[in-house]
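Quick mapping for you: the protein sequence lines, in order, are chains A and B.
So in our numbering, the last spot in the first sequence is 330, and the numbers never skip.
So in our numbering, the last spot in the second sequence is 1786, and the numbers never skip.
There could be a bad hint or two in this list.
If we take Cβ atoms under 7 Å as the criterion, some of the chain B residues that face chain A in the derived model are [claimed, not checked]:
1. L1494
2. F1638
3. W1783
Computed list of lysine-lysine pairs in DSBU-like fashion (alpha-carbon distance at most 30 Å, straight line) [claimed, not checked]:
4. A:K320 with B:K1387
5. A:K81 with B:K1526
6. A:K97 with B:K1489
7. B:K1489 with A:K81
8. B:K1504 with A:K95
9. B:K1504 with A:K99
10. A:K81 with B:K1387
11. A:K95 with B:K1526
Since the hints were derived computationally from the structure, they do not count as laboratory data.
Using N, Cα and C, we set each Cβ at its ideal position, and we do this for glycine too.
Residue strings, one per chain:
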Amino acid sequence: MLSIRTYYKYRELIWSLVVADLKSKYKNSALGFFWSMLDPLLISIVMIFVFMHVFDLRMENYPLYLISGLMTWRFFNSTASTMRVIRGYSGLIRKIYFPKEILVLSACLSSLISTLFEFVVLFIISIVLGGNITGWIVLTPLVLLLLFVMVIGFSFALSTLYVFYEDMQHIWNVVLRALFYATPIIYPATRIAPDSPYYIIFILNPMSHFVITIRHLIMYGDSPALGSVIGMLVFSIIAYVAGFIIFKRYEARLPEEV
Amino acid sequence: MGNVIKVREVSKKFRIPHEKRATLFDHILGLTGKRVTYDEFWALKNISFNVEKGSSMGLIGKNGSGKSTLLRLIGNIYSPTTGSIETVGRIMPLIGLTTGMQLSLTGKDNIFLYGSIMGIPRKRLMDEYDEIVEFAELGEFMDLKLRDYSSGMLARLAFSIALATDPDIMLIDEVLAVGDLNFRKKCMKKIDEINSSGKSILFVSHQTSQVKSLCDTAIFLDSGKIKSMGDTDKVVDDYLHFMALQEEKAEKRISPFDGPIAGTGEIMITSLRTTDSNNKEKTAFSSDEPLILEIGFKPLKPVERPVFMVQVLSPEGKLVYGTNTQKEKLDLGTVSKEGRITLNIARLPFPHGRYTINLGVFREGKLKAKLAYHFVKNAGAVFVTSGKQEFSRNQAKVAVKWNVT
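With the rest of the complex left out, here is chain A (with noise of 0.2 Å):
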């Protein structure tokens, strides 16, 4: 059901395929790890000193704010490049067989683990800023595991499309940036009201839902909002189970479209 059976049998391979992806992302040194910190690091800062100094936006605490909002959606901005396995392992794909639904999960994998690093940093970031540290914060493993299976659910889909329509990756980095500004990241949660007209997008992105409830776990330690869960659950679980519908659809034929 669902490959789950699949992912267990070949969950050595998985972890193959994981490891050589993070090798090759952090260049096998502790440091890349550093270097890939760096990058939304230097866009908090540029973006902070944006919004504090020239919008002069007053909010509490807007630098771990941005942050905590910042790191989740760079979980969910890695589609962007999960998209690519299906093609990224063309030569493997084309001259053995094995379930494709692997490659796609390590892929996600691999990136969850990145992510479960770079929360250790945010939680460090979220005591130095002066976040509001509570038992809370143990759920965040929790959503961020949710988060991962809406992750795969998108890569299955858009892998597979990827392999039949090469601008399928340049059609998902504009709808990504349009949906990071549709999610409260860089602006206050509280600037789109039950009663504005664009509060029904803010219901229907499913990031604004998982950016909320981050923050509430990792900044103001409190318990997040019985909507944005119930929304993070419908939408990571409608995620997983269409986006592997079409994947199951086009699976057979990717070997010869690749």
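Fit chain B to the known structure of chain A by using the hints.
Only chain B this time, still in chain A's reference frame:
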């Protein structure tokens, strides 16, 4: 013993779009305009055969005949359009040079990656790691990325990993076409060993000698259909015969007699026909059949006692047979008008392959290319199809007969 591969009426169709419409954007535009149209291409049509446990089967055929597609279908990489394929046991496909190894990873990483695709536990791979590296003879290169490997090194690594996975069925395609001779020999020996230990092998090669030495049975594919199947020797002969006919057709287009003239030109060789004893023109001959060369000539002025010469060269370009009218004591007198001279070679005791023929006409006693009236390199070619390996390629002693008409 039972069959480990059962192929039942398998056909495979590929779709080739008329216009390359690989973007979603084009597709959306296409919804308003004309539909995407495809060419259908049947890579394989109605293929049925079995492979018995412990046997080895060769697949031969020209490029694009469907050999690799067939291997991919058996390896479960492609699925058949119609028909069914049943296999028993673990299959290891070795298709092409890199066989799917990741060039951005090191040799070591590839061993573990490939091993785990084949379902070999990591622990076992660790135990066998040294053995794999030793067989590949790549000891000091294991931490090097594959993109820095030579093609021979890639083949060696691919083959060594494949052997370590201990498959029940091996599908081998062109992997043994590269690498140095010693390693190829080592691989062939190893394949033979695996084969005799009860594993089955499906082997694609352009080198019919490899197929012959390795395979019990063979299939000759042409344009996706089985042309010939059964005993390897017979199938290889059918294949070589077929290739000979094809090449014959292709060769008719350019005549070797049209090129620049080598020689002084007082008398010229104008044509060469190769026929059997019934004067039927052909180019594929079995070893024990007579070959008749009919050489046309045309003097520009009367020539005293010219000497005609014939050379037969092996596929490697080595002279395997040569004769001339002087040696056979045939006095042609004064030749003043065009005519033909025939040479009857009683049999062709050579291994199978394509043999080229050089023709020359010389002054009496001066059989040197420089002093020739006319010398035609590659005037024609014949295929020897029986492939009797027991004869040596050294100058063969064959009964010949010259005739002037």
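**Asked** Against which earlier hints does the structure fall short, listed by number upward?
**Response** Going through the list in order, the structure violates hints 2 and 3 and respects the others.
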